[in-house]
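K.L.:
Spelled out from the first residue to the last, the chains are:
Protein chains: 2
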Amino acid sequence: MNLDSYLTDHKKKVDQALREYLPPEHTYPTIIFQAVRYSLFAGGKRIRPILCMAAAEALGGKADAVLPVACALEMIHTYSLIHDDLPALDNDDYRRGILTNHKIFGENIAILAGDALLTEAFALLSDPKHLTDTDPSIHLDIIHDISSAAGFFGMIGGQVMDVQSEGKEFDMSTLQYIHSRKTGAMIVTSIRSGALLAGGKPAEVDALTQYGTQIGLAFQIADDILNVEGEENRIGKRTGTDKNRGKATYPALVGVEDSRKKGRELMEDALAAIALLDEKGEPLRLIARHIVERDF
Amino acid sequence: MNLDSYLTDHKKKVDQALREYLPPEHTYPTIIFQAVRYSLFAGGKRIRPILCMAAAEALGGKADAVLPVACALEMIHTYSLIHDDLPALDNDDYRRGILTNHKIFGENIAILAGDALLTEAFALLSDPKHLTDTDPSIHLDIIHDISSAAGFFGMIGGQVMDVQSEGKEFDMSTLQYIHSRKTGAMIVTSIRSGALLAGGKPAEVDALTQYGTQIGLAFQIADDILNVEGEENRIGKRTGTDKNRGKATYPALVGVEDSRKKGRELMEDALAAIALLDEKGEPLRLIARHIVERDF
Numbered sequence: 001m002n003l004d005s006y007l008t009d010h011k012k013k014v015d016q017a018l019r020e021y022l023p024p025e026h027t028y029p030t031i032i033f034q035a036v037r038y039s040l041f042a043g044g045k046r047i048r049p050i051l052c053m054a055a056a057e058a059l060g061g062k063a064d065a066v067l068p069v070a071c072a073l074e075m076i077h078t079y080s081l082i083h084d085d086l087p088a089l090d091n092d093d094y095r096r097g098i099l100t101n102h103k104i105f106g107e108n109i110a111i112l113a114g115d116a117l118l119t120e121a122f123a124l125l126s127d128p129k130h131l132t133d134t135d136p137s138i139h140l141d142i143i144h145d146i147s148s149a150a151g152f153f154g155m156i157g158g159q160v161m162d163v164q165s166e167g168k169e170f171d172m173s174t175l176q177y178i179h180s181r182k183t184g185a186m187i188v189t190s191i192r193s194g195a196l197l198a199g200g201k202p203a204e205v206d207a208l209t210q211y212g213t214q215i216g217l218a219f220q221i222a223d224d225i226l227n228v229e230g231e232e233n234r235i236g237k238r239t240g241t242d243k244n245r246g247k248a249t250y251p252a253l254v255g256v257e258d259s260r261k262k263g264r265e266l267m268e269d270a271l272a273a274i275a276l277l278d279e280k281g282e283p284l285r286l287i288a289r290h291i292v293e294r295d296f
Numbered sequence: 001m002n003l004d005s006y007l008t009d010h011k012k013k014v015d016q017a018l019r020e021y022l023p024p025e026h027t028y029p030t031i032i033f034q035a036v037r038y039s040l041f042a043g044g045k046r047i048r049p050i051l052c053m054a055a056a057e058a059l060g061g062k063a064d065a066v067l068p069v070a071c072a073l074e075m076i077h078t079y080s081l082i083h084d085d086l087p088a089l090d091n092d093d094y095r096r097g098i099l100t101n102h103k104i105f106g107e108n109i110a111i112l113a114g115d116a117l118l119t120e121a122f123a124l125l126s127d128p129k130h131l132t133d134t135d136p137s138i139h140l141d142i143i144h145d146i147s148s149a150a151g152f153f154g155m156i157g158g159q160v161m162d163v164q165s166e167g168k169e170f171d172m173s174t175l176q177y178i179h180s181r182k183t184g185a186m187i188v189t190s191i192r193s194g195a196l197l198a199g200g201k202p203a204e205v206d207a208l209t210q211y212g213t214q215i216g217l218a219f220q221i222a223d224d225i226l227n228v229e230g231e232e233n234r235i236g237k238r239t240g241t242d243k244n245r246g247k248a249t250y251p252a253l254v255g256v257e258d259s260r261k262k263g264r265e266l267m268e269d270a271l272a273a274i275a276l277l278d279e280k281g282e283p284l285r286l287i288a289r290h291i292v293e294r295d296f
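From first to last, the protein sequence lines are chains P and D. Quick note on the working numbering: the first sequence kicks off at 1 and runs consecutively. Quick note on the working numbering: the second sequence kicks off at 1 and runs consecutively.
Honestly, the hints are just simulated from the structure, not real lab data. Please note that a few of the clues may not be correct.
Coverage of chain D stretches by chain P, computed from C-beta distances (three or more under 8 Å per stretch; other residues unrestricted) [to be verified]:
(1) 9-21
(2) 53-63
(3) 101-108
(4) 117-125
(5) 251-262
The structure displayed is predicted, hence computed values, not measured ones. We put the CB at the ideal spot given by N, CA and C, even for glycine.
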């Protein structure tokens, strides 16, 4: 199979579904819908929703059946980027090659747009329109898994530590705390929620959780390496910013070469974790390689 | 029955449950738990959770059985206050007589504390520990009701219009849009979620929804009147701020006397809406009067 066409096809599904689930841009009060759509359709790679769909497909489920959950994950991811870019946090002017949300709509609307995306993700996850013929308790499990991954001991906790570590000495255990929570937790729940919705057995969900944990770390290491030596016009945002801010990153701690090596090891571990999957798991295998080898 | 002791007793239940549901303050990374607890235990009146419990009790349910939902509502309310007070929004230094969250913890942590409270509210609403012996689809209905009330067409929409109306001409329809969404929607869902969890029949839930709509408006009008003529040391925040900012309020549009009259009319409508309730609905009746007559 061809990974590029798999990614293109699944990204298209996500983009179409997001457009369908969100109120039209001219809905009153228009500015909030414009602000939300601006960041949601700013050219994201849709990695989290694609992982959710790929996990469901790996266990015999259908990509289309998990689209509401996949889109909710992307909404939560986008909210986190909008808030992360705010002047009080990372103070970034560009993201994906275009101005950040608050640079266009103002800080007040950017804060509210992030709040709205987070809130509406849960409205989507509990929307009776999308809950047909699945056991409602599985949907509750998924809501709990996703909200926990986004909360105190997941993304928010990682973000807090990231803020607090800026410009300070840090060690490998702080770094792993930040990575596993700030990026890792949402990647793991993306995969778990797809697996749960596809009716995965506990052993399958565990294997996919392992896979997700490894590629989540590999993903963040790859991001950190790109911040050191990526091409700004390929990745759409400024590079070198982590170093300038004294951010806790892998390259800062062990250097670029050892970071790359660690990324490859994590990929091997991820592949080993899903050895039990048949050929339906092939997209997950290719995605693991892609995450480590990507240059944007 | 005595309303004061009812409010005191139920407020205590909420405070205790919140302390139990939240991780201890010394949990790592400590600053986020300190920030969240700072605002959550800053002396809020717990109106929304009390309404949730009172609605459940009015239909024969138990207050204790709805505590997780009641606390989630208070967490969402508190997140909205933290974000609302930020410099980019209302730029308030004081709330409930003490410094606002960002004045103590910084804007970055205040943004994340709000995000965390919103996120963890949904983790609480879907926590398997609290879902015993209730139909899981009712919990999904409640999550959908609450997230919709907090989202685009609820609290966020009202907040956006509030931001946009500052210093501009406004009419009664804009004002009612703002009021019904910014404050009203969360009050209505507080009552509806209590009613749904207590197994309310559609006619009962409808009656309570009507009641909630009326008291939600009455509550906001009372708040606006207090901003004009309340005593700062009673209500714990600066007064006169709405007028200085050119905010869309009832007193600004029709004057204090007609605002007071409107509040009383809404209270009468609220009482009429729940005429079908027996004596178990008494707390709701007393709360409706209290909302219009309160001076803090």
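K.L.:
Against each hint, give a clear statement of whether it holds in the structure.
P.N.:
So, going through the hints one by one against the coordinates:
1. 9-21: violated (count 0)
2. 53-63: violated (count 0)
3. 101-108: Held - the region 101-108 of chain D has 3 residues with a Cβ nearer than 8 Å to chain P, which meets the minimum of three.
4. 117-125: holds (count 6)
5. 251-262: Result for this restraint: violated, n = 0.
The structure fails to meet hints 1, 2 and 5 from the earlier list, while all remaining hints are met.
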